[in-house]
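Number of protein chains: 4
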Amino acid sequence: MNQYRILIDCADKKGLVFKISKLLFELELNILSNHEFVDSENQKFFMRSVVEGNIEEVSLREKLLEVLDDKVNLHLVSPIKKNIVLMVTKESHCLGDILIRYEAGELDANIVGVVSNYDILGPLVQKFNIPFFCVSHLELSRDEHEAKVLECLAQFKDIDYIVLAKYMRILTPTFVEAYKTKIVNIHHSFLPSFIGANPYKQAHERGVKIIGATAHFVTNDLDEGPIISQDVINVKHDHSWKDMQRSGRDVEKITLSRALKLVLEDRIFVHKNKTVIF
Amino acid sequence: MNQYRILIDCADKKGLVFKISKLLFELELNILSNHEFVDSENQKFFMRSVVEGNIEEVSLREKLLEVLDDKVNLHLVSPIKKNIVLMVTKESHCLGDILIRYEAGELDANIVGVVSNYDILGPLVQKFNIPFFCVSHLELSRDEHEAKVLECLAQFKDIDYIVLAKYMRILTPTFVEAYKTKIVNIHHSFLPSFIGANPYKQAHERGVKIIGATAHFVTNDLDEGPIISQDVINVKHDHSWKDMQRSGRDVEKITLSRALKLVLEDRIFVHKNKTVIF
Amino acid sequence: MNQYRILIDCADKKGLVFKISKLLFELELNILSNHEFVDSENQKFFMRSVVEGNIEEVSLREKLLEVLDDKVNLHLVSPIKKNIVLMVTKESHCLGDILIRYEAGELDANIVGVVSNYDILGPLVQKFNIPFFCVSHLELSRDEHEAKVLECLAQFKDIDYIVLAKYMRILTPTFVEAYKTKIVNIHHSFLPSFIGANPYKQAHERGVKIIGATAHFVTNDLDEGPIISQDVINVKHDHSWKDMQRSGRDVEKITLSRALKLVLEDRIFVHKNKTVIF
Amino acid sequence: MNQYRILIDCADKKGLVFKISKLLFELELNILSNHEFVDSENQKFFMRSVVEGNIEEVSLREKLLEVLDDKVNLHLVSPIKKNIVLMVTKESHCLGDILIRYEAGELDANIVGVVSNYDILGPLVQKFNIPFFCVSHLELSRDEHEAKVLECLAQFKDIDYIVLAKYMRILTPTFVEAYKTKIVNIHHSFLPSFIGANPYKQAHERGVKIIGATAHFVTNDLDEGPIISQDVINVKHDHSWKDMQRSGRDVEKITLSRALKLVLEDRIFVHKNKTVIF
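Chains as they are written, first to last, in our numbering: chain A, 6 to 283; chain B, 6 to 283; chain C, 6 to 283; chain D, 6 to 283.
Incorrect hints may appear among the rest.
Pairs count within a copy or across copies, as identical chains cannot be separated in the list.
[To be verified] No more than 30 Å apart at the CA atoms, straight line, and that leaves these computed lysine-lysine pairs for DSSO-like:
| no. | residue 1 | residue 2 |
| --- | --- | --- |
| 1 | Lys24 | Lys95 |
| 2 | Lys87 | Lys132 |
| 3 | Lys206 | Lys279 |
| 4 | Lys95 | Lys19 |
| 5 | Lys241 | Lys18 |
In short, the hints are calculated from the structure, not lab data.
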């Protein structure tokens with residue numbers, strides 16, 4: 006028995022569910038889960054089915070394409086482990102959270118490497134027998150540094166996702182284009198508030214009573230990509246910005262790990278600048 | 006164009022979605038929303054579709070029953086306002102929250118009456134031109150009192166739901182049987198903690214850091230019916246039990262109103278002692 | 006026995022707590038609660054004590070001023086009901102929440118009147134026997150309209166606070182100056198995100214997973230005054246902006262009522278653009 | 006300059022704050038933070054001050070005892086790192102969360118060792134160069150096993166706290182007595198719900214919409230010690246109990262780490278079966 010995740014999105018029209026469910030029935034597949042959503046404002050249809058049966062992936066894809074339109078986006082995958090690269094700078098909370106899950110066999114991915122612009126987190130990564138690459142940005146222009154990072158990444162043949170686990174440098178459009186819709190970031194703030202540098206200092210100065218974190222896909226608009234997951238925590242007047250940062254770190258790591266799980270389970274559609282998540 | 010909510014639950018088997026979606030396609034119905042869930046532990050299938058088209062309810066029901074099994078539970082309704090009765094005792098927060106929504110035209114229901122065992126809330130109810138009935142329990146046995154309440158309720162021909170908006174008396178099996186799966190209660194606690202009397206005093210004595218509220222259908226097990234909705238709020242050592250009660254009231258009213266909305270929109274399946282909510 | 010709330014804020018220096026507690030001891034006052042906070046960044050000291058004893062307010066004030074510096078802000082009040090005016094436009098959820106609490110005797114205030122730029126909410130207000138004033142803005146310039154509103158407010162001798170319970174017009178600096186630090190607003194958004202018009206539409210377009218509300222004092226920076234209280238609620242891709250608005254209303258009303266309670270209990274200090282809340 | 010945390014709790018009576026603040030003033034100490042709380046129900050006074058100055062601990066203790074009653078509990082400590090032992094069984098999420106904070110220098114403690122009744126987590130612990138001790142319970146009676154654990158713990162001279170980071174065995178009164186008020190546990194449930202074995206299965210069967218975790222001091226009543234910290238997360242009908250467990254783990258680890266921080270900063274008073282936390 007093989008298991009597949011079928012993700013379909015297209016312009017909404019009558020009979021779509023019928024056609025697909027007819028095919029799945031004829032192929033004698035078990036439907037393990039099925040989610041549909043119609044974005045009526047944009048007349049878009051989204052569907053995610055997890056099915057099980059005696060059919061090869063090539064064959065299932067062919068059959069699906071037969072009943073579906075040209076203009077349909079079909080994403081068909083087996084639930085196999087994806088390859089991910091983590092990128093970090095100096096802080097270990099998000100990285101550590103992912104490593105502990107990885108070690109426990111809880112993360113449905115292979116961490117093929119960790120890339121950093123500092124060597125600080127090398128010892129932590131190496132404890133888990135994962136290759137660590139320090140690509141320092143010192144004395145390099147942004148473009149020079151990024152070229153080196155891209156070169157470093159090029160050694161991995163199939164990267165499914167790059168996870169920015171507190172990588173504190175801005176990526177250029179070149180980089181984003183090279184890994185389009187494959188980069189997940191955690192923003193240390195409740196977007197769209199406090200975009201940019203030191204959001205905890207900004208939040209503290211504004212006197213907010215709640216701080217948060219946002220995990221999102223990276224696009225060329227700084228901190229403006231499609232949001233995957235958000236969470237918040239209460240703060241009070243007696244929190245310094247350092248305290249806010251410390252509390253914020255817990256929110257950041259849980260929010261990023263939650264987003265990563267959704268990504269690895271192929272639960273997310275991106276449409277325009279938004280996500281549909283089943 | 007008519008709109009219908011189709012709720013189906015039955016033993017899970019292959020081809021169900023196909024058969025139903027085939028019918029909906031042939032009847033040229035628009036599918037406005039569609040949710041499915043398979044409870045794999047109990048091998049149960051649940052489906053809720055909202056559809057739109059040129060077909061009469063009788064006819065749609067007939068067609069659906071043709072393609073479905075005998076053993077399928079079909080619940081087919083038009084989105085018309087339901088008739089509800091509210092039952093209260095002395096506290097006004099849940100009642101008031103419902104009345105304000107009602108007045109704003111936000112509540113998809115007709116409040117046909119409010120029944121109480123005290124006359125305290127009469128003036129508030131009457132401001133909103135809703136019939137208020139005081140059925141005092143004083144000097145009556147539990148059975149005698151309930152007989153009178155049932156008599157009072159009998160005057161309303163079609164009661165879809167009875168909402169216990171802080172009605173502080175225990176209902177007997179006779180009552181529960183008479184309005185089976187039609188009674189919604191708000192429990193002033195985070196079930197299954199603190200079942201029974203004065204949960205805020207219990208919570209305070211236990212020194213909890215979070216209190217909550219639970220909206221549920223009423224069954225014959227005291228405070229043990231299927232849970233519809235729950236919410237919580239943080240408390241601290243400097244909250245007296247009165248403070249906890251005051252904070253708790255906000256959670257109670259929002260949780261009950263949220264549950265009521267789900268009920269009125271026919272979004273809830275009850276299976277065993279649990280709910281499936283789309 | 007008289008009860009007093011003593012609020013003191015000043016530049017931090019050694020011996021302050023000693024001097025004050027010495028006085029309270031000598032006056033044989035019971036200390037019912039006592040909170041202190043030192044903002045070490047700004048070297049500011051904040052203290053709120055609730056005390057009980059046989060002393061007149063004038064006399065207590067005099068004694069306190071004797072031991073305290075000239076540069077100390079002293080706010081001494083008895084826990085008597087404050088006079089508040091509510092200002093609204095068309096939506097009833099915040100207004101209704103306050104009215105229900107008022108009717109239940111839960112609100113420590115006299116609502117002396119409700120002012121609106123529409124007559125829509127008049128019938129609701131009048132149910133509760135509270136004077137309602139419609140000051141239409143139609144065919145008036147902003148300044149003309151505000152002059153009329155100020156004239157309307159002038160009839161109430163002692164207004165302690167003006168509560169903007171979804172008053173959808175921007176106040177001019179003249180108005181804000183006239184009721185400095187006395188105006189509380191509920192912003193239908195999780196500030197500082199989505200400042201300005203229709204934040205739910207903005208939030209929906211941004212695809213956020215959490216929406217919120219912010220209660221704050223009004224200053225001349227639009228939606229930028231000191232934050233009193235904030236809360237949030239989760240949303241999903243299947244929420245339209247209307248759904249977000251509906252969910253948001255529950256957060257708005259609870260957040261505003263919570264802020265109002267803090268205000269009425271004299272629990273808030275405003276320093277720079279932030280609040281210290283005990 | 007030395008820094009001290011002064012914790013005082015005693016029967017409430019007039020003049021306490023005055024006496025203490027007088028002493029602190031005379032000793033020319035800076036008060037960095039000061040919290041007081043009167044439990045009026047039990048007539049108990051609690052105070053925590055953090056002070057700074059040129060005085061030795063012995064001397065400060067002496068001076069404080071001079072002005073305070075015999076019946077006062079005085080807890081005076083310097084903010085030095087405490088020694089903690091972690092106890093675990095098979096799950097790594099709580100342990101891992103603590104280790105990552107430890108590695109980052111974020112944890113104000115020395116982890117002197119990790120004790121487990123299985124050897125599974127040994128490799129993880131050893132990555133961080135912390136001694137790991139496996140004391141298997143196999144083929145031993147509860148008492149025999151516990152005697153061996155106590156023997157193992159005896160090698161550490163000064164254990165300030167024992168943290169049960171998912172240690173899945175019940176401690177006997179002998180053990181609890183040996184480390185009275187020094188044992189912190191994380192309960193995989195929102196106490197007092199679902200006491201005992203497999204709470205996620207219990208929660209799933211009850212159909213709850215929220216699950217939680219509780220960190221508490223261990224007393225001889227199973228899962229009934231004073232609560233330090235609690236948190237919750239929403240769940241839905243489509244969460245299996247395994248899913249609930251997975252989500253629950255995030256709540257467990259954050260709740261335990263938060264409680265541990267409060268413990269290590271000497272912020273907690275235990276009175277009767279409750280905590281006062283500043």
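Hints that the structure is at odds with (numbers, increasing): 1 and 4
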